[in-house]
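Asks: Below, each chain spelled out in residue letters.
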Amino acid sequence: MTPFTTLTSVAIPLARNNVDTDAIIPSREMRSTGRTGLADGLFAPWRYLDVDARVADPAFPLNDPRAVGAQILLGGENFGCGSSREHAVWALAEWGIRAVIAPSFAPIFKANALRNGLLPVELPVADWAWATLTIDLAAQTVNGVGFAIDAEAKLMLLEGLDAIALTLKARGAIDAWEAADRGVRPWVYLEAMR
Amino acid sequence: MPTLVDKIWDHHRAATTPGGADLIAIDRIFLHERTGAAALKSMAAAGRRVRDPARVFVGMDHIVDTRPGRSDQTLMPGGQGFISETRAAAKAAGLTIFDVSDPDQGIVHVISPELGIVLPGCTLVAPDSHTCTQGAFGALAWGIGSSEAEHAMVTGTLRLTRPKTMRIRLDGRLAAGVTAKDLALALLARFGAGGGAGHAVEYTGAAVAAMDMEARQTLCNMATEFSAFTGIIAPDEAAYAALAGRRYAPAAFDAPWWQSLHSDADAHFDAELALDAGQVAPMVSWGTSPEHSIAIDAALPAGPARAHDYIGLAAGTPIAGTPIDVAFIGSCTNSRLSDLRRAAALLKGRRIAPGIKKALVVPGSSAVKREAEAEGLHAVFQAAGFEWRESGCSLCFYAGGEGFPPGSRTISSTNRNFEGRQGPGIRTHIASPETVVASALAGVIADPRQIA
Ligand code: SF4
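Chains R and C supply the protein sequences, listed in that same order. Numbering follows our numbering, in which position 38 of the first sequence is assigned residue number 38; successive positions increment by one, without gaps. Numbering follows our numbering, in which position 387 of the second sequence is assigned residue number 581; successive positions increment by one, without gaps.
One chain only, chain R, in its complex shape (with noise of 0.2 Å):
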């Protein structure tokens, strides 16, 4: 995973609440099983006037001049609802959000960003449309106000760390947890059925 420390960009504002990963990335523009492929499907529904000509509605802000090269996005409350779809995630990170900053997110969402080095940031929006922000994971800022990150993602986003192999790691711990729990629950246990 790429490291996450700190980013300038122009915010592309979509002010809208409860943003679900079906419009993020509806279903049918999900065509195969693989991970990549998903940008041009991003908001389809929103993006395009008419989406199987891929006609873009200049309205939409990312079709907006400005959000060119922009990493960031602004939205609404309870973003990421929804569907659990990392497809969202990869779809955004693909056409080159790094951070989407908005007061507050539906939880698998926000775990599945986590893991792609794609940085929730939990904020009121403030007067940012189109403003040029910088995020400072380290100082957990975004032009200086402050946001708050749970101590251990931060780690992993600072230092791209990957998740799996980190967790192998502590296979010992794993092995003895589940040797004890084997006598307290047997019946979770299933190889002995096959």
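No incorrect hints appear here.
Stretch by stretch, here's where chain R covers chain C in the computed footprint (C-beta under 8 Å, at least three residues):
#1 246-258
#2 337-350
#3 387-397
#4 432-445
#5 605-619
In the SDA-like style, the derived pairs of lysine to any residue whose C-alpha atoms are separated by at most 25 Å in a straight line are:
#6 C:Lys201 x R:Arg182
#7 C:Lys358 x R:Asn116
#8 R:Lys169 x C:Asp216
#9 C:Lys201 x C:Trp452
#10 C:Lys235 x R:Gly37
#11 C:Lys285 x R:Arg31
#12 C:Lys235 x R:Ala93
#13 C:Lys235 x R:Pro3
#14 R:Lys154 x C:Val348
#15 R:Lys169 x C:Ala240
Over the 12 Å line for every Cβ pair with chain C, so calculated as not near, a few chain R residues:
#16 Thr2
#17 Pro58
#18 Pro65
#19 Glu94
#20 Gly96
#21 Leu123
#22 Ala126
The hints are simulated quantities; they were obtained by calculation from the structure and are not laboratory data. Even glycine gets a Cβ: it sits at the ideal position worked out from N, Cα and C.
With the hints as your guide, set chain C with the ligand onto chain R.
Replies: Only chain C with the ligand this time, still in chain R's reference frame:
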């Protein structure tokens, strides 16, 4: 002092990470063909293996065809690849697959309890947001993404920060014609789609205790619409009776462990909400978020302009009487035997209105389908004008499958009314199976209490 969630959490904590998170052991993992292959392929590409394949299960539900005589072909263009790639990757990893033609096939959240895969006090994850459904059995069950699914399969754990806890007390008794679905929608209407705010929500109170296990699943199912981490209900005799002796469950639940699975009387919750179930009427959604829900005899409130535009209904319009094109009974919210029984009881001897272009019943599992057929429910639906299908997610979401012209209006026993959820431009009204039936009979959104 601890809550039920705390007890399950503490039991499953295998270690604490340097960042202060917990490594929580995962007892059960479920995958499906829509998101499962991504996790399995990425795992294989990294040269990693599943730690304990005996505890990972794979369902085929999301994009499988539901028309009679189905094969691997899907209505969704390219859908067959999802099925065949998931099947091949799951086989290679040694996982248990409930394949398209398997007698145990069905929506993963429906078949998990049928097979005794979910157990009280266990941790269960799936790359599917409605995994919270299974919290009805007292399991800590929640939806994750594909990366987390890969992590859980490879390490047997997830790295997590303990969620805050919330208790929702549902006192009183549901009135006749009012269901767990209406209660879930009433909670969303009252507290908003962000009301759960990432908390692990425990539902308690007399209304919950009085619910059968299927109604409890309906209630927990929509915890994700509430933006909760998950929903859970403390297991009682009804939960144990529903699971005892199922294929992957113990024959009896008699160890001391099972008796400990409840929040202590003085347990501390980070947040508390309450709703009097007795005051809830049949509910129906009017807009494009599940929080846009109102009583069936109410008029539309003033909501976001986008929502009114999309749904094509102005503030002040009574929701009842709105003409509909499509009626759908199905989904992990409302496709179990009791849902179908209640719907069929209302339909018996009647016919849907001529204006309805499509009416569909899709059982939640192949087992539900068989049981319903043994009771003759399929004949009631068919005589009334509903199509009777094979099990799957079907119209719950648009996988490029069965479409209708943009602007078509559905009354649907599902859980999401997002823009485009059931297809481009489709206007979805979510409600209980009873309300779907009443509306299909009337051709307009209608109150089920008036035909009961
Ligand atoms: S029935 Fe609908 S909500 Fe449930 S798992 Fe299938 S697609 Fe998801």
